[in-house]
Amino acid sequence: MALIMPFVSVAISILYTPLLLLILCIIFLASIGKSLGVRRLYVNILLKLFEYGRQHIEVAKIKIQRSDSSDEEDVPPAPDDNKPPSATIKENGMNGTLNTVIERQEILGPSPELNYKRSTSQERVVNGHKTPQGNGENNIEFHLANCLDLVKAGMESIIEDQVTSVFEAEELRSWNLLTRTNRQYEFLTWRLTIIWAMGFVVRYMFLLPLRIMIFVIGVWWLVACTACVGTLPDGKTKQRVNYAVSVMCFNFLSRCISAVITYHDTHYKPRNGICVANHTSPIDALVLMCDNCYSLIGQRHNGFLGILQRALARASPHIWFERSEVKDRHAVARRLKEHISVPDNPPILIFPEGTCINNTSVMQFKKGSFEVGGTIYPVAIKYDPRFGDAFWNSSRYGMLHYLLNMMTSWAIVCDVWYLPAMTRAADETAVDFANRVKAVIARRGGLVDLMWDGQLKRMKPKKEWRELQQEEISKRLKGE
Amino acid sequence: MGNENSIPMELCSNSRVNCIDFKVENFDADEIRRLGKRFRKLDLDNSGALSIDEFMSLPELQQNPLVQRVIDIFDADGNGEVDFKEFIQGVSQFSVKGDKLSKLRFAFRIYDMDNDGFISNGELFQVLKMMVGNNLKDTQLQQIVDKTILFADKDEDGKISFEEFCNVVGNTDIHKKMVVDV
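Sequences listed follow chains D and Z, in order. Letter by letter, the first sequence follows residues 182 to 661 of this note's numbering. Letter by letter, the second sequence follows residues 368 to 549 of this note's numbering.
Keep in mind that a hint or two might mislead.
Unchecked claim - Distance condition first, Cα-Cα at most 27 Å in a straight line; then the derived DSSO-like pairs of lysine-lysine:
id: 1; chain 1: D; residue 1: Lys659; chain 2: Z; residue 2: Lys543
id: 2; chain 1: Z; residue 1: Lys496; chain 2: D; residue 2: Lys643
id: 3; chain 1: Z; residue 1: Lys521; chain 2: D; residue 2: Lys659
id: 4; chain 1: D; residue 1: Lys641; chain 2: D; residue 2: Lys333
id: 5; chain 1: Z; residue 1: Lys464; chain 2: D; residue 2: Lys333
id: 6; chain 1: D; residue 1: Lys659; chain 2: Z; residue 2: Lys464
Just so you know, these hints were derived from the structure itself, not from any lab.
With the sequences and hints as input, model every part of the structure.
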């Protein structure tokens, strides 16, 4: 240690001025909302590097295959081989395995309330039909092959199921020179290993310290700015200042993960009401806040997140709940209603999935935010997984570990699509409306539209779903 | 089948899968590798074998009424768990390269619960009960069972043999219905 310290102090004294200039430069650029295009250039260079790596890997793979399987007439694997096994089924089927077999989409909508409603109403129908059918039982048709659909569906989900796969990081088609999502590429050739090592040095020795510094300064900058804005009297001026300040601060913060965000269809950008988006990670909020001002809703936290929450709440209205209040759905709905009833309030940002999904799919939207009424502004967020996986697998990594992963990734590249505002039709239930909004987001973002409940990440599946399937089968046997 | 491959050794070394060098029809090395990965993912407690609870942790599977029968067929030695060899062999019967006879045999085993080579009246009743739950009356079910057996039972011994089963099911497009992409 004693030997290293002088070097460190010399390095700091040399690097101090340029770094300070760099930081000031970044703050300045963020505040005028401009970018020098450095990040875009960086991303383009990375893309070229990945392409080179991919070609290199393919060549290396073919060589390895030739050397150890000379007598096999193996065709070199087509690029599609890395596709998840049932991807083709998914693309063909409406919504994947069981659905296409059962041919009833809504039966897989495992929302407890929905199920409950459905099953009771169906039971009534079934009971109503039972008496007349009890006399003429001959119209129940069963064939020994009737079980095959179920068996096949079961086999498909054994090989790959949709639900648990969306809670795991997505597998990449080609290696992005990070040792995270693809394990099988750890050593192929010397050249690749050297490139990887250089990348490692750049990411950990250069980017990480810089990004941590940007992050720390960014957070203080945000706290300081919001405190200043908070002293202004409420009114139009405060809102306008807050808008500018918040976009500037978040733009600054977004540089700590080298976020390169492309916003599409900005004329649909929400101005008030409720904005709903698919949820991949806590970064989603940051990504959206870089382009617009939103009110956030969530549980009140202590510690670091608490500081941020209090800072944000000083400058503009946000909804933070006490832990005891969160369970109270009526209280949440009331606060939401209050918020959107004031037309000047910024749009409120909600992630109705309620949990982070790996950005390949959209899971069931909770109906709560769709019951409130008012206009819904859907937003689709799609990250480019090649530069770094934005998905927060919260059951595996803690918040700090996740932040570290983000800051040592190459970059976070994502597309944001603003979608036309939607309102609930007069005869539409909140659940149907939620599904309609979800379908729109899934289509725009190129995500698979799933009916499953995101809470399955932590919950055990429910018994009633099997009973629903059984009901469906007996209905088919009866020829209904 | 001409396409025989042994399990690649690397799979055996980096998992605690109880791995003997056995031959598997119908799969190439890449497919085996993928299935091995899937197996390790399903094997939550890393015991080298899948228990019923581990299968049931998949919501899609949990809601499948016949899941218990499928797992029973996978579990060839009947010890209540599916090891990697049983897993591969079970899945291989659904491979595109699998022959029609083994697919028919798998379907037959769904109904033949005690594996005695015959589908008895009681067995068919139990499987049907699994499929429809409490949505049909037992008397209705019994009528379906009797009718089905009467229709298929050519030698009139009151139960369905594999041969009789094939006569009924064999002409349906079973080879299309029982194929899963690995």
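Quick rundown of the hints versus the structure:
1. D:Lys659 with Z:Lys543: With Cα atoms ~25 Å apart, lysine 659 (chain D) and lysine 543 (chain Z) stay inside 27 Å; holds.
2. Z:Lys496 with D:Lys643: Answer holds: lysine 496 (chain Z) to lysine 643 (chain D) is near 20 Å, not above 27 Å.
3. Z:Lys521 with D:Lys659: Within the cut-off at roughly 26 Å; holds.
4. D:Lys641 with D:Lys333: holds, 23 Å
5. Z:Lys464 with D:Lys333: The given pair, whose Cα atoms are some 16 Å apart, holds under the 27 Å limit.
6. D:Lys659 with Z:Lys464: This hinted pair is violated, its Cα atoms lying about 35 Å apart.
Violated hint: 6 only; the structure is consistent with all others.
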